[in-house]
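2 protein chains.
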Amino acid sequence: MSDARPIGVFDSGIGGLTVVKALRELLPGENIFYLGDTARVPYGGKSASTVERYSVEMTDMLVAEDVKTVVIACNSASAVALPKLEQTLAVPVIGVIKPGAQAALAATRNRHVGVIGTRATIKSGAYERELRALNPDVRISVRACPLLVPLIEEGWLDDELTNRVIARYLEPLTHDGIDTLVLGCTHYPLLADAIAPFLAGKVQLVDSARNCAKAVEQLLDQQSLRASRKGEGILQVALTDAPDTFLGVARRALQLEIGELQLREVLHPAKL
Amino acid sequence: MSDARPIGVFDSGIGGLTVVKALRELLPGENIFYLGDTARVPYGGKSASTVERYSVEMTDMLVAEDVKTVVIACNSASAVALPKLEQTLAVPVIGVIKPGAQAALAATRNRHVGVIGTRATIKSGAYERELRALNPDVRISVRACPLLVPLIEEGWLDDELTNRVIARYLEPLTHDGIDTLVLGCTHYPLLADAIAPFLAGKVQLVDSARNCAKAVEQLLDQQSLRASRKGEGILQVALTDAPDTFLGVARRALQLEIGELQLREVLHPAKL
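If you read the protein sequences in the order shown, they are chains A and B.
If you're matching positions, the first sequence starts at 1 in the working numbering and goes up one per residue.
If you're matching positions, the second sequence starts at 1 in the working numbering and goes up one per residue.
These are computed hints drawn from the structure, not numbers from a lab.
Predicted model, so just to flag it, every value in this text is computed and none were measured.
Heads up, the beta-carbon is just placed ideally off N, CA and C, and yes, glycines get one too.
It is possible that part of the hints are untrue.
Stated by the list, open to error - Stretches of chain B that chain A covers, calculated by requiring three or more beta carbons in the stretch to come under 8 Å of a beta carbon on chain A:
| no. | segment |
| --- | --- |
| 1 | 45–53 |
| 2 | 56–66 |
Stated by the list, open to error - Restraint ranges, calculated between C-beta atoms of paired labels, are given here:
| no. | chain 1 | residue 1 | chain 2 | residue 2 | range |
| --- | --- | --- | --- | --- | --- |
| 3 | B | Arg252 | A | Ala90 | 43 to 49 Å |
| 4 | A | Asp137 | B | Val63 | 56 to 62 Å |
| 5 | A | Val63 | B | Leu263 | 50 to 56 Å |
As the list claims (entries may be wrong) - Which residues of chain A face chain B? A few of them, derived with a C-beta cut under 10 Å, are:
| no. | residue |
| --- | --- |
| 6 | Thr38 |
| 7 | Lys46 |
| 8 | Arg119 |
| 9 | Ala120 |
| 10 | Val149 |
| 11 | Glu153 |
| 12 | Arg164 |
| 13 | Val165 |
| 14 | Phe198 |
| 15 | Thr240 |
| 16 | Asp241 |
| 17 | Pro243 |
| 18 | Asp244 |
Extracted from the complex, chain A is given alone in its bound form:
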C-alpha cells in the first residue's frame, strides 16, 4: 500500500521551507505541496482570531489540492489555530509546537527550557501549555524576538549586527539558567549558526522544523499513508503573493530544488 497524495505544508510565508527541507531529508519519496501566505505575512504580530481565520483559509486551499495530511509549518498558526483545525479538517493535521515541546523535554537535564518566537506565538502561551501538559515540573523562560524574522529576510544571517540583536534577546534566558532552547519559529533554524555561540555549549538548541518532520514520519507510518519509496518526490510551491528577495535567501540557505512557483489567490469564505 502506498499513498502518492502530497503532504500539504503551510506557513505565513517562506520560513516554513525549513520544515520542507527537513521533510525532504527524512522522507525523500514524498510529494509535497507548500503554500505560503505571503500576501498577509507575517502572522507573528497579529491577533489570535485573525491568525486562526487565515489558517483555516490556507488549510482549505491545501485540502482542495487533495493532500493526505496538513503540516502547519508556522509556530504562530500552530499556537492559535491547531485546535480548530483538528476539529474541522478531514485529514490529519500536525503542528510544530508539540513536537518541539517533546524534543525539548527529552533534551533538558535541569528541566529549565527556554522558548523564543514571534509575539503571537509567545503571547499564546502554547509552548508553556504543551510543556506543562507533558511535565508539570518543567521551568520555562520565554522571549518574543520580533526582529529576528526581519533580519533573516534581510539576508543578514552571518552578521555582527544580527549577533548583537540575538545577544540582547538571549541574555535574560541564559542568565535565568535554561539548558535547552526551543527555536519556536520556523525562520529561526536559518540563524542556528548565529545563535549557537551565545549558548557557549551549555544550552541545547531544539529545532522545531526537524522535530515536526519526525512527527510527520510517525503519523504517515501509523496511518499507512507513506508514498512508495521509489524515486524522488516532487516539491510544488504556491504563494499568495509574488515572492520578494527572501525566497532567494531561503533557496540558497536551504539548497532546495523548487520548480516553477505558482501564485494563488486567497479564497475567502462567502460573506453575507
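Start from chain A and add chain B according to the hints.
For chain B alone, kept in the frame of chain A given last:
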C-alpha cells in the same frame, strides 16, 4: 461654508498616525477617520498588484464613512496605488510621495536627493518618477531599509543597535553626496532624532508626513472643504486587527489623543 465630514486617512498599519499628528497640528478643527490595515500589515514587502488591491479595499471602507477626502498615509500604497485611486474615487485623494518630492526639491541645494523607504516603495521607483517630473536634472540615490519599521515597532527608538542599522543603511547615501534625505515611509519620523546625527548637519531631512499635511490643507482650501474652525476635531481610529504593542509606542511618541478603538473587518469585493 464649512464641511464637517471627516478627512479619511489610511495606512497599512499604525505608522500613518505620524500623518495624523501633522494634520492635527496644522488643521486642529478637522475631524479625522483613520483606518489601519493591521490585519495585513506590512505592505512594504508585498507586490504592487497586492498593495493596489488592498488600497482599493481600504479606501472603499473610508468612502463608506462619508469622508470628504482620502489621504494615503502610506508610502508603499501611494507609490503603487495612487493612479488607480485617482481614477476611481469620487472624492479627492492625496498621497505622500508628491508632497515629499516637492519639499525635497525645495530643500536641496546641490540637486542630489536621497530617498529611504520600504522595499515596495523603493522598488516602485515612484519617488524617482515624481522628482524627475518636477526637475529632470535632479540626482537621486535610493535605499530600501526593511529593518527600520520592525525596529520602530519593537520600540527601540533611542537605541545603539538601531543607530548601527541606520548607519549601515545611510552610509552609501551620504557617501554619494546627497544634501537632502526624504523619509519615504510614514514610520520613519519616529526615528528622525536617531537619523539626524548621521547626517552631521550636512543633509536636510524631509518628513513626508508633515508635507502631506500641508498638501491636504491646500486641497481643502482650494475646494472649500474646510471644517468650521470652532472647536477641536474628533479623531476616530479603526483597525482591521486588534492592535499590538506598537500602538502604545506610537501613542507615547506622538502624544495623540485616541478615543475608543474600532475593529473593522476587511470587506472583500464579491468573488465569482
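Evaluated hints:
Counting residues of the segment 45–53 of chain B whose C-beta sits closer than 8 Å to any C-beta of chain A gives 5, which meets the bar of three, so the coverage hint holds. With a cut-off of 8 Å between beta carbons, the segment 56–66 of chain B has 0 residues touching chain A; three or more are needed, and the interface restraint is violated. A C-beta distance of roughly 48 Å is found between Arg252 (chain B) and Ala90 (chain A), which places it inside the suggested range of 43 to 49 Å. Between Asp137 (chain A) and Val63 (chain B) the beta carbon distance is about 58 Å. The supplied range of 56 to 62 Å therefore holds.
Evaluation of the 50 to 56 Å hint for Val63 (chain A) and Leu263 (chain B) yields a failure: the beta carbon distance comes to about 29 Å. Checking Thr38 (chain A) against chain B by beta carbon gives a least distance of about 7 Å; that is within 10 Å, so the hint holds. The closest approach between the C-beta of Lys46 (chain A) and any C-beta of chain B is roughly 5 Å, which is under the 10 Å cut-off, so the hint is satisfied. About 6 Å separates the beta-carbon of Arg119 (chain A) from the nearest beta-carbon of chain B, less than 10 Å, and the hint is met.
Interface restraint check for Ala120 (chain A): the shortest CB-CB distance to chain B comes to about 9 Å, inside 10 Å, so the restraint holds. Evaluation of the Val149 (chain A) hint against chain B yields a held restraint, the C-beta minimum of about 8 Å falling below 10 Å. Hint on Glu153 (chain A) holds. Least Cβ distance to chain B is approximately 7 Å, under the 10 Å limit. Because the smallest distance between the Cβ of Arg164 (chain A) and any Cβ of chain B comes to about 6 Å, under 10 Å, the interface hint for this residue holds.
With its C-beta approaching chain B no nearer than about 6 Å, Val165 (chain A) sits inside the 10 Å limit, and its interface hint holds. The closest approach between the C-beta of Phe198 (chain A) and any C-beta of chain B is roughly 15 Å, which is over the 10 Å cut-off, so the hint fails. Interface restraint check for Thr240 (chain A): the shortest CB-CB distance to chain B comes to about 8 Å, inside 10 Å, so the restraint holds. A distance limit of 10 Å between C-beta atoms decides the matter here; for Asp241 (chain A) the minimum to chain B is near 5 Å, and the interface restraint holds.
Interface hint status for Pro243 (chain A): upheld, as the beta-carbon distance to the closest one in chain B is roughly 9 Å, under 10 Å. For Asp244 (chain A), the suggested interface contact is upheld, since its CB lies about 5 Å from the closest CB of chain B, less than 10 Å.
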